[in-house]
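Novice: Sequence:
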Amino acid sequence: AGDDLYGGTYRLFDKVLPRTGGLDFTYADTTDAASVEEALRPETRLLWIETPTNPMLTLSDIAKLSEMAHERGAVVAVDNTFASPYFQNPLALGADIVVHSTTKYMGGHSDVVGGAVATSNEEFHEEVKFYQNAAGAVPGAFDAWIVLRGLKTLAVRMRQHEENALAVAEFLQDHPEVETVHYPGLPGHPQHELAKRQMSGFSGMVSFTLEGGAEAAYAAVQKTRVFHFAESLGGVESLITHPATMTHAAIPREQREARGVTDGLMRLSVGIEDKDDLIADLDGAIRAG
Numbered sequence: 001a002g003d004d005l006y007g008g009t010y011r012l013f014d015k016v017l018p019r020t021g022g023l024d025f026t027y028a029d030t031t032d033a034a035s036v037e038e039a040l041r042p043e044t045r046l047l048w049i050e051t052p053t054n055p056m057l058t059l060s061d062i063a064k065l066s067e068m069a070h071e072r073g074a075v076v077a078v079d080n081t082f083a084s085p086y087f088q089n090p091l092a093l094g095a096d097i098v099v100h101s102t103t104k105y106m107g108g109h110s111d112v113v114g115g116a117v118a119t120s121n122e123e124f125h126e127e128v129k130f131y132q133n134a135a136g137a138v139p140g141a142f143d144a145w146i147v148l149r150g151l152k153t154l155a156v157r158m159r160q161h162e163e164n165a166l167a168v169a170e171f172l173q174d175h176p177e178v179e180t181v182h183y184p185g186l187p188g189h190p191q192h193e194l195a196k197r198q199m200s201g202f203s204g205m206v207s208f209t210l211e212g213g214a215e216a217a218y219a220a221v222q223k224t225r226v227f228h229f230a231e232s233l234g235g236v237e238s239l240i241t242h243p244a245t246m247t248h249a250a251i252p253r254e255q256r257e258a259r260g261v262t263d264g265l266m267r268l269s270v271g272i273e274d275k276d277d278l279i280a281d282l283d284g285a286i287r288a289g
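Numbering (my numbering), first residue to last: 1 to 289.
Simulated from the structure, these hints should not be mistaken for laboratory data.
Check before you lean on any hint, since a few could be wrong.
Said to hold, decoys possible - Derived CB-CB ranges, DEER-like:
| hint | residue 1 | residue 2 | range |
| --- | --- | --- | --- |
| 1 | E170 | S232 | 22 to 28 Å |
| 2 | A33 | E177 | 32 to 38 Å |
| 3 | K152 | F124 | 37 to 43 Å |
| 4 | E170 | E193 | 41 to 47 Å |
| 5 | T26 | E254 | 32 to 38 Å |
| 6 | T245 | N121 | 25 to 31 Å |
| 7 | T20 | V236 | 32 to 38 Å |
| 8 | E43 | E273 | 44 to 50 Å |
| 9 | S232 | K152 | 30 to 36 Å |
| 10 | D277 | T26 | 24 to 30 Å |
| 11 | D277 | L154 | 31 to 37 Å |
| 12 | D277 | E43 | 23 to 29 Å |
Said to hold, decoys possible - In the DSSO-like style, the derived pairs of lysine-lysine whose C-alpha atoms are separated by at most 30 Å in a straight line are:
| hint | residue 1 | residue 2 |
| --- | --- | --- |
| 13 | K152 | K223 |
| 14 | K129 | K15 |
| 15 | K275 | K152 |
| 16 | K275 | K64 |
| 17 | K196 | K129 |
| 18 | K129 | K223 |
| 19 | K196 | K223 |
| 20 | K275 | K223 |
Keep in mind the model is a prediction, meaning the values are calculated, not measured.
Each residue gets a CB set at the ideal place from its N, CA and C atoms; glycine is no exception.
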């Protein structure tokens, strides 16, 4: 698995599955094919890729890593939550399994909790379907209806998320109190060219680091009025999150800071509101902090 994982995935892989399922995980920098190749062992059965990652917005080359894993007999699963199926199709790039938190972009309105597993492999489909039935991981009818309703507006929502996120990212990269900005749609992003190859758009997630560190971050989240201070993402409303104390609090400080998740890092789920309102809100909060 990648070493830049969502905190909840890390807890599952590091704390739960080794104990309950006897599984052993090796972590590698999935942005570097050589690192992944070194980490793949003869007994490796699954390569787990999260791209773009939460919250650093780093990308992995799905096609290259899928080919490498398949040569060694491993199955490839991709967490596609940040991109959404509108902007990225991992199955078409060689992955075997795709997972989504339907709570996020697919539902799109912050009113449902759910997940989805997709595959084009009939054998995997039957295995997942059997396990779902046996384990009871079946969504309620109304929850399923909520997600299906969200899918009807997925395309128009994702286009607006992307437009607003790019505007916000461009504003932040020129802000005097912002140290770094992470958004695949910026030409300065180290994997911008990869994003253009394997994604049809750059989605609506942005992260940035404030010059003032933790103190500035804590102050800023108390001052936003359009951005709500909350942990989720992918809804029509804009959210601001402090990963170090929220989504990635379970990851040891040294480990998360090595991946860029410092106390000054903020994560934005950019909604579909007026982009000028979003920019003004962030500017006021950062300067007030």
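Novice: With reference to the structure, classify each hint as holding or not holding.
Specialist: Each hint tested on the structure:
1. Restraint check, E170 to S232: a C-beta distance of roughly 25 Å satisfies the suggested window 22 to 28 Å.
2. The hinted range of 32 to 38 Å is satisfied by A33 and E177, whose Cβ atoms lie roughly 36 Å apart.
3. Remark: the range hint 37 to 43 Å for K152 to F124 is contradicted by a beta-carbon distance near 27 Å.
4. Between E170 and E193 the beta carbons are some 18 Å apart, a value that contradicts the proposed interval 41 to 47 Å.
5. At about 19 Å, the beta-carbon gap between T26 and E254 misses the expected band of 32 to 38 Å.
6. In this structure the supplied range 25 to 31 Å is violated for T245 paired with N121, their Cβ-Cβ distance being about 39 Å.
7. Taken as a hint, the range 32 to 38 Å holds for the pair T20 and V236, whose Cβ atoms sit roughly 36 Å apart.
8. Between E43 and E273 the C-beta distance comes to about 49 Å, which sits within the given range of 44 to 50 Å.
9. Against the hinted window of 30 to 36 Å, the Cβ-Cβ separation of S232 and K152 comes to about 21 Å, which falls outside the hint.
10. The supplied range of 24 to 30 Å is broken by D277 and T26, whose beta-carbon atoms lie about 45 Å from each other.
11. A hinted range of 31 to 37 Å for the beta carbons of D277 and L154 is inconsistent with their spacing of about 23 Å.
12. A hinted range of 23 to 29 Å is violated for the C-beta pair D277 and E43, which are about 53 Å apart.
13. Proximity of K152 to K223 is assessed by CA-CA distance (about 34 Å); at most 30 Å being required, the pair is judged violated.
14. For the hint linking K129 to K15, the alpha-carbon distance of about 25 Å falls within 30 Å, and the restraint holds.
15. Note on K275 and K152: the hinted pairing holds, with a Cα-Cα distance of about 23 Å set against a maximum of 30 Å.
16. Pair hint K275 plus K64 does not hold up; C-alpha atoms about 36 Å apart against a cutoff of 30 Å.
17. Only pairs whose Cα atoms come within 30 Å are accepted, and K196 paired with K129 is rejected, the gap being roughly 34 Å.
18. Between K129 and K223 the alpha-carbon distance is near 46 Å, which puts this suggested pair outside the 30 Å criterion.
19. For the hint linking K196 to K223, the alpha-carbon distance of about 35 Å lies beyond 30 Å, and the restraint is violated.
20. Proximity of K275 to K223 is assessed by CA-CA distance (about 18 Å); at most 30 Å being required, the pair is judged to hold.
Of the numbered hints stated above, those contradicted by the structure are hints 3, 4, 5, 6, 9, 10, 11, 12, 13, 16, 17, 18, 19, listed in ascending order.
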